[in-house]
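Q: These are the residues of each chain, in order.
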Amino acid sequence: MSQAADATPAAAPRSVIEARDLCLTFATNDGPVHALSDVDLTIRQGDFVSFIGPSGCGKTTFLRVIADLERPTSGTITVNGMTPEEARRARAYGYVFQAAALYPWRTIAGNIRLPIEIMGFSKPEQEKRIDRVLRLVELDGFGKKYPWQLSGGMQQRASIARALAFDADLLLMDEPFGALDEIVRDHLNEQLLKLWRTTGKTIGFVTHSIPEAVYLSTRIVVMSPRPGRIVDVIESPLPLERPLDIRESPEFLAVAHRVREGLRAGHSYD
Amino acid sequence: MSWTRSLLPILTVVAAIVAVWYLSAVALNMPWERDQAARAGTEVAFLDRVAGTLAQDRPVLPAPHQVVAEIWKTTAEQKITSKRSLVYHGWITLSATLLGFVFGTALGMLLAVGIVHSRAMDLSIMPWVIASQTIPILALAPMIIVVLNAVGLKGLIPKALISTYLSFFPVVVGMVKGLRSPDRIQLDLMRTWSASGTQTFWKLRWPASTPYLFASLKIAAAASLVGAIVGEMPTGAVAGLGARLLAGSYYGQTIQIWAALFAAAALAAALVALIGLAGRVTLTRMGFGR
Ligand SMILES: Nc1ncnc2c1ncn2[C@@H]1O[C@H](COP(=O)(O)OP(=O)(O)OP(=O)(O)O)[C@@H](O)[C@H]1O
Ligand SMILES: [Mg+2]
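Residue numbers (my numbering), protein chains in the order written: chain A, 323 to 592; chain B, 145 to 434.
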């Protein structure tokens with residue numbers, strides 16, 4: 323379970339997230355739920371890390387711990403060398419939820435403006451950033467539309483733009499494309515990869531889809547439930563340049579196979 | 145198109161109501177006609193008696209045309225400053241209604257904001273808010289009037305306060321629901337941006353509550369009107385629709401009672417329609433769409 327990749331050599335890029343022996347137990351009416359158990363993980367600057375695993379294995383919980391939306395029961399975690407709370411106050415990350423959660427009373431531009439308005443950017447700076455991120459997610463020209471006038475895929479792109487509008491180097495995405503159809507999803511995956519390469523952000527990405535995880539990631543974290551833990555961390559051998567048809571290459575299929583093995587191993591515990 | 149299509153069922157219902165009303169008027173006013181005929185010792189033909197039931201001075205149930213005639217007489221044919229004008233009385237009631245509505249809305253909003261932001265207020269105030277509405281207003285109104293009279297408050301303010309008492313309730317309930325309507329994701333998002341409480345309120349909770357606010361304002365306006373009318377009854381029946389109702393019942397002027405009732409209903413309908421329109425315009429302009 324402990325991976326060679328976790329021992330970061332001094333020359334490697336600086337680590338953005340370091341989790342050590344992280345445990346989180348929810349006290350529920352039906353007794354304690356061990357959502358995370360002894361999670362050790364290092365995410366380095368510029369990584370694209372996918373979390374994959376069956377429902378209830380703690381993927382969302384781990385992302386929420388990084389985001390200071392949930393407190394660990396024991397263990398340590400740092401984000402940019404700070405506690406998650408300090409990192410949140412320093413606005414170190416953008417979070418994209420499974421639902422776009424756009425405000426219906428704000429236009430697309432107004433929704434993207436929301437975080438930077440809260441963070442106190444000047445008016446001209448706001449406009450500049452809105453323009454930039456709308457172009458980044460290929461929604462230029464849609465700024466004046468209201469959310470209900472856009473398709474589900476476009477709404478999700480708008481919510482990604484909203485998370486990109488401020489200067490967080492870390493992007494946390496919880497099944498952002500889970501509710502979309504395959505074709506839209508392929509397109510958004512391509513876009514996301516391009517965006518990641520051009521912005522150099524660090525991305526933590528939760529998904530249920532093996533091909534999606536393999537296609538996007540530099541590292542894939544395979545998790546298993548009850549208690550939620552990491553069963554495998556896979557370094558992707560794929561090149562950074564990834565056309566969609568890379569998914570038929572033998573390297574791709576080999577990684578996908580290893581992910582599937584990891585998921586199966588996780589399941590055999592119960 | 146959809147307009148004319150919805151008109152037909154409405155007209156059908158109105159026609160049915162008018163028909164039932166005429167039949168009831170004949171049935172309810174007939175005993176008096178029969179008494180009169182018996183007392184005079186004359187035989188009156190059935191049809192004449194039916195005609196009589198629809199033209200009495202103090203019928204048990206006035207016929208629709210009598211009420212319409214009374215409304216016409218007391219609106220179009222009177223100077224609006226006259227004590228006999230329904231417009232004059234309507235305005236007296238409306239001014240108390242509006243003032244009470246404004247008070248009630250403001251009070252309701254303040255309480256809702258407090259209840260949503262403080263658990264202590266939620267636990268301590270909410271039960272009282274609900275209990276306040278279980279006391280029959282008819283029992284409470286005279287006491288409020290008397291107490292306020294004793295401290296020198298007369299006329300508009302006491303009535304408005306009774307309106308306030310009735311109208312703040314739907315606003316509290318609706319606003320609390322509206323301010324709590326943002327879901328977990330939207331609140332979590334605010335937290336990830338480390339937004340302050342004030343920012344979360346003005347940028348999320350407040351706009352999210354607008355549709356709820358307008359829904360409860362409609363109920364509050366109607367309740368406010370009821371409050372103003374009830375508030376006019378114990379004042380010794382000086383002016384206002386409530387006074388007309390009371391005076392009408394003192395002197396058995398049923399036609400006057402019904403005319404006042406219709407004036408009150410028309411006022412309520414107008415207020416609710418106006419708020420509905422304002423709500424639709426506001427929500428469309430805010431982009432709530434469809
Ligand atoms: N607030 C909470 N209170 C109690 N239990 C919780 C809470 N949040 C999550 N859990 C439990 O913790 C476990 C992990 O949940 P989590 O949402 O992290 O799973 P997940 O891997 O994201 O699943 P999915 O793929 O279905 O989104 C589950 O058993 C879940 O029921
Ligand atoms: Mg989840």
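It should be emphasised that the hints constitute simulated quantities derived from the structure, not laboratory data.
On a predicted model such as this, the values are computed, not experimentally measured, just so you know.
Honestly, I wouldn't trust all of these hints.
[To be verified] Using 30 Å as the maximum straight-line C-alpha spacing, the simulated DSS-like pairs for lysine-lysine come out as follows:
#, chain 1, residue 1, chain 2, residue 2
1, A, 450, A, 466
2, A, 466, B, 347
3, A, 450, B, 347
4, A, 445, A, 466
5, A, 445, B, 321
6, B, 223, A, 467
7, B, 321, A, 467
Q: So, for every hint listed, does it hold in this structure?
A: Here is what the structure says about each hint:
1. A:450 <-> A:466: holds, 15 Å
2. A:466 <-> B:347: This hinted pair holds, its Cα atoms lying about 18 Å apart.
3. A:450 <-> B:347: Holds, at about 21 Å.
4. A:445 <-> A:466: Measuring from Cα to Cα gives roughly 17 Å; hence the hint holds.
5. A:445 <-> B:321: The hint is violated at about 33 Å.
6. B:223 <-> A:467: violated, 53 Å
7. B:321 <-> A:467: holds, 28 Å
The structure does not agree with the numbered hints 5 and 6 stated previously, though it agrees with the rest.
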